[in-house]
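Working from the sequences, and respecting the hints, build out all of it.
In our numbering, the protein residues as written are 59 to 795.
Do not rely on the hints blindly, as some may be mistaken.
BS3-like cross-link-like pairs, simulated, lysine-lysine; straight-line CA separation at most 30 Å [unchecked claim]: (1) K791 <-> K746; (2) K102 <-> K115; (3) K401 <-> K116; (4) K346 <-> K440; (5) K409 <-> K116; (6) K345 <-> K484; (7) K124 <-> K164; (8) K91 <-> K171; (9) K715 <-> K455; (10) K455 <-> K443; (11) K400 <-> K455; (12) K732 <-> K648.
Honestly, the hints are just simulated from the structure, not real lab data.
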Amino acid sequence: MLNVLKKGGLLFFSIFAFAQYSISQHPVSFFTKEESLLVRSNIKTQPLLNESFQILKKETDLWLNKEVDVPFPRDPAGGYTHERHKANYLLMFNSGVLYNITGEQKYADLVRKILLKYATLNPTLKNHPQATSNSPGRIFWQALNDANWMVYTGMAYDLVYNGINEADRKIIEEGAFKPEVDFVTKDLSPWFNLIHNHAVWATAGVGMIGIATNNQTYIDLALEGSQHNGSSGFYALLDQLFSPDGYYTEGPYYTRYALLPFIIFSNALNNKYPSKNIFTYRNSILKKAINTAIQYSNTNGMFFALNDAIKDKDYTTSEMVMALDIYTRAYGLDTTFLPIAKKQHSLLLTKSGIQIAEAFNKQKNKTALFPYKTIENTDGAKGNKGGVSILRSGEGKELTSLIYKYTSHGLSHGHYDKLNINLFDKGNEILQDYGAARFVGVEQKYGGRYLPENAGFATQTIAHNTIVVDETSHFNGSEKTSEQFWPVKNYSNFENEKVLAISVSDSNAYKNVILKRSLFMLTLPDQPKLIIDIFHTQSSIPHQYDLPFYYMGQFIHSSVDYTYAKNTMSPLGPKNGYQYLWKEGEAKVKDTIVQMTFLNERDFYTISTMVKDTASILFARIGANDQNFNLRRDPAFIIRKNSTSPSFISVIEMHGKYDPVNEMTFNANSIVQKIQELENSALFSVVKISLKTGELLFIETKNDNSSASDHQYRYNNTDLTWKGPYLVLFNGKNINK
Numbered sequence: 059m060l061n062v063l064k065k066g067g068l069l070f071f072s073i074f075a076f077a078q079y080s081i082s083q084h085p086v087s088f089f090t091k092e093e094s095l096l097v098r099s100n101i102k103t104q105p106l107l108n109e110s111f112q113i114l115k116k117e118t119d120l121w122l123n124k125e126v127d128v129p130f131p132r133d134p135a136g137g138y139t140h141e142r143h144k145a146n147y148l149l150m151f152n153s154g155v156l157y158n159i160t161g162e163q164k165y166a167d168l169v170r171k172i173l174l175k176y177a178t179l180n181p182t183l184k185n186h187p188q189a190t191s192n193s194p195g196r197i198f199w200q201a202l203n204d205a206n207w208m209v210y211t212g213m214a215y216d217l218v219y220n221g222i223n224e225a226d227r228k229i230i231e232e233g234a235f236k237p238e239v240d241f242v243t244k245d246l247s248p249w250f251n252l253i254h255n256h257a258v259w260a261t262a263g264v265g266m267i268g269i270a271t272n273n274q275t276y277i278d279l280a281l282e283g284s285q286h287n288g289s290s291g292f293y294a295l296l297d298q299l300f301s302p303d304g305y306y307t308e309g310p311y312y313t314r315y316a317l318l319p320f321i322i323f324s325n326a327l328n329n330k331y332p333s334k335n336i337f338t339y340r341n342s343i344l345k346k347a348i349n350t351a352i353q354y355s356n357t358n359g360m361f362f363a364l365n366d367a368i369k370d371k372d373y374t375t376s377e378m379v380m381a382l383d384i385y386t387r388a389y390g391l392d393t394t395f396l397p398i399a400k401k402q403h404s405l406l407l408t409k410s411g412i413q414i415a416e417a418f419n420k421q422k423n424k425t426a427l428f429p430y431k432t433i434e435n436t437d438g439a440k441g442n443k444g445g446v447s448i449l450r451s452g453e454g455k456e457l458t459s460l461i462y463k464y465t466s467h468g469l470s471h472g473h474y475d476k477l478n479i480n481l482f483d484k485g486n487e488i489l490q491d492y493g494a495a496r497f498v499g500v501e502q503k504y505g506g507r508y509l510p511e512n513a514g515f516a517t518q519t520i521a522h523n524t525i526v527v528d529e530t531s532h533f534n535g536s537e538k539t540s541e542q543f544w545p546v547k548n549y550s551n552f553e554n555e556k557v558l559a560i561s562v563s564d565s566n567a568y569k570n571v572i573l574k575r576s577l578f579m580l581t582l583p584d585q586p587k588l589i590i591d592i593f594h595t596q597s598s599i600p601h602q603y604d605l606p607f608y609y610m611g612q613f614i615h616s617s618v619d620y621t622y623a624k625n626t627m628s629p630l631g632p633k634n635g636y637q638y639l640w641k642e643g644e645a646k647v648k649d650t651i652v653q654m655t656f657l658n659e660r661d662f663y664t665i666s667t668m669v670k671d672t673a674s675i676l677f678a679r680i681g682a683n684d685q686n687f688n689l690r691r692d693p694a695f696i697i698r699k700n701s702t703s704p705s706f707i708s709v710i711e712m713h714g715k716y717d718p719v720n721e722m723t724f725n726a727n728s729i730v731q732k733i734q735e736l737e738n739s740a741l742f743s744v745v746k747i748s749l750k751t752g753e754l755l756f757i758e759t760k761n762d763n764s765s766a767s768d769h770q771y772r773y774n775n776t777d778l779t780w781k782g783p784y785l786v787l788f789n790g791k792n793i794n795k
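So, in structure tokens, the structure goes:
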């Protein structure tokens, strides 16, 4: 049985509006009176509704005869005052829902009493004592949390509006709400007018209060921004934060977070102004955003950790529970989401929730897995600022997902990670993106804020699976510069599931250095899954090039004879993230193939890489200069080449099983025997890979990426012909047809 969503010890109870109300009628911001009556009438006949209602009532009733503390703000996230104010707005919201369903005045009185306390407190507040940024809060340490308070408290007030007398309403509107609205729209007007997830919450908060208090000025501020010229505000955020196909520019972690105010305020607007058709705005951009967000998750629900991201966040969060519920209301029931809803284990008490429950009943125990697919998204409001591609092979628990990131920077939460890759296989993270260095809600860890190691390591290029030149991050670690540039896709082709191919170039991350990374995901009969990674560099002068692979698992074996740092380890470098990496071992190699095998859960993985001329192989581990133990101690395998324009050609191989119970291994050794670069000219890149099972040949054109162009190349005294920017042969047979 699915349970109603819990958050902070209180039940997060949502009823979605489906009736239309006039401007002055209440409630309208979150649901209408008609729907509350519909829920009431279904409680007796719907066991799930009744169960959820009884839990909600029990949790809220605990506070009916208690004094609810509204303390003077003093603590950061995780501290008492922070958590108390957070619990207060959820309590008010829940109590407002119960007031409408039961019709009992005591629930409205609870909200009124708390709001009157805020009406006394809020006019006295200055910037929070724990504020550390240029967007300080008043009730909370940062303005973002004040905006959260505004969204939920605005809805709570609307829900109980008819249960509060006119005199108290005036006190609440002038004392509790006006100081907060004035603060974020006037004192913090640059922040309020940002194109950023913070502004999504801020505009939704001001708009909710406007709807709840019948204040058209507030509503206009929310929709149009304080300059009223369309450059900011809710519509501008919908226009500029999403690409035309629904990719959110700050990355999937923040897609999840921003979706909640986007969809809740859109719900309120849809109820109040149905003629605006907010859910079809910009070709139904919110529908695309929700679909895209779910595609950017692993089979266990974890969102891919692009940019600043906390890896524990998955699609069972309250934001995504609400997203699926409102998606169903706005766009109809999508049965492919049922596996997600089942894992969420939190069915909301709404008309949509009833639809989802009925769909579960029809499917009984036949709920399939979510149909993940290969997906390609653009970035930027016009879809012209790079993008992300997720190459997928297999189904269900056997799914493999290769994430290739070539986006714009990602605003203030972006990382310096052009042409970065990450890999998931069978539900496990194999090649990782570190994500963010932060412990959200943990007071002892810098009040839950981003830690110094986030800027020092996690955002730096060396923390990612992409090339670093001269131990310097992309764009010299300048966010302002990075925001101006993005990679350019050369080609992609996902029509043939046996050979998924994509190639992207970047000429701006480093001055006078061109980077080009082509990826091929091969799924061939009777062969292990292979990812061919062809990473070219081009420069006119020598550089130090480092290519890390942050692998997840237990090191098993390497083909190189390395020297281990037995007694003393030193950091890999002095700055740009290198200072946080211990050098555990090193090998010097020449004209060979280097292989490193590791074990993740019970599966073997091998990275095989070509060394032409000389290279250093570094075995590193995160954790140097981290005296507060803020970083995970994860390993990295780094290929270093000192040259002018070296090529990094690698094969990532998924092979073999380990059975610890029976003490057996199966196919534990790599099938890759040799990697050769036969040509890297102005016209062609030609790579030959010798396997135990045969030969792979990859030919890429250098100056023509058209899928319609015909090409010819002479190999082993045979003229090879093909159409398009690349050719892949396996044992002489063209397999990219």
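Outcome of the hint check:
1. K791 <-> K746: Holds, at about 14 Å.
2. K102 <-> K115: 15 Å, holds
3. K401 <-> K116: With Cα atoms ~25 Å apart, K401 and K116 stay inside 30 Å; holds.
4. K346 <-> K440: Measuring from Cα to Cα gives roughly 15 Å; hence the hint holds.
5. K409 <-> K116: 22 Å, holds
6. K345 <-> K484: The given pair, whose Cα atoms are some 28 Å apart, holds under the 30 Å limit.
7. K124 <-> K164: Within the cut-off at roughly 12 Å; holds.
8. K91 <-> K171: 22 Å, holds
9. K715 <-> K455: 15 Å, holds
10. K455 <-> K443: This hinted pair is violated, its Cα atoms lying about 33 Å apart.
11. K400 <-> K455: 16 Å, holds
12. K732 <-> K648: 14 Å, holds
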